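Q: Start from the sequences, fold in the hints, and give me the full structure.
By the count of numbering that gives the first Met the number 0, the sequence shown reaches residue 126 at its end, each step adding exactly one.
It should be emphasised that the hints constitute simulated quantities derived from the structure, not laboratory data. As the structure is a computational prediction, the values presented were derived from the model and not from experiment. Please note: incorrect hints may appear among the correct ones.
Distance condition first, Cα-Cα at most 27 Å in a straight line; then the derived BS3-like pairs of lysine-lysine [unchecked claim]:
| # | residue 1 | residue 2 |
| --- | --- | --- |
| 1 | Lys41 | Lys84 |
| 2 | Lys73 | Lys84 |
| 3 | Lys111 | Lys9 |
| 4 | Lys69 | Lys51 |
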Amino acid sequence: MQTYLDFQMKDDVLIVNIVGDLDHHQATQAREEIDRTIEAFKSKNLILDFSKVEFMDSSGIGVVMGRYNKVKEKGGEILIIGCSKYVKLILEMAGIFTIIRYCESLNEALEKFQAMEEQREVSGNDK
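A: Given below as structure tokens:
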């Protein structure tokens, strides 16, 4: 199945809506498109929305980890939202949620980013 990516910016956060499969057939395209968009918008914070991902394999995990490393290098964070039970299980088994937070909704993720930003301002660490 073809993978489609939809991007939007909200409160200085790049939201990536992934539709379709995120597997070895689609990973390279997804990786390149997300990276181009991160650079175009100069984003350091990223939300990956998996609510419309039907299938994911280890290549999809690689896409997630690569974007995690990319935003961390910029001093940013990444959050994941909207996983099906299957995708959530795959990500849990891979240990993704030990380093990347999961949120149930877009609003929850945006609130977490707002809280992180407020904490940075209070601590004086505004990377």
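Q: Which earlier hints turn out false for this structure, listed by number in ascending order?
A: Checked against the structure, the hints that fail are numbers 1, 2, while the rest are satisfied.
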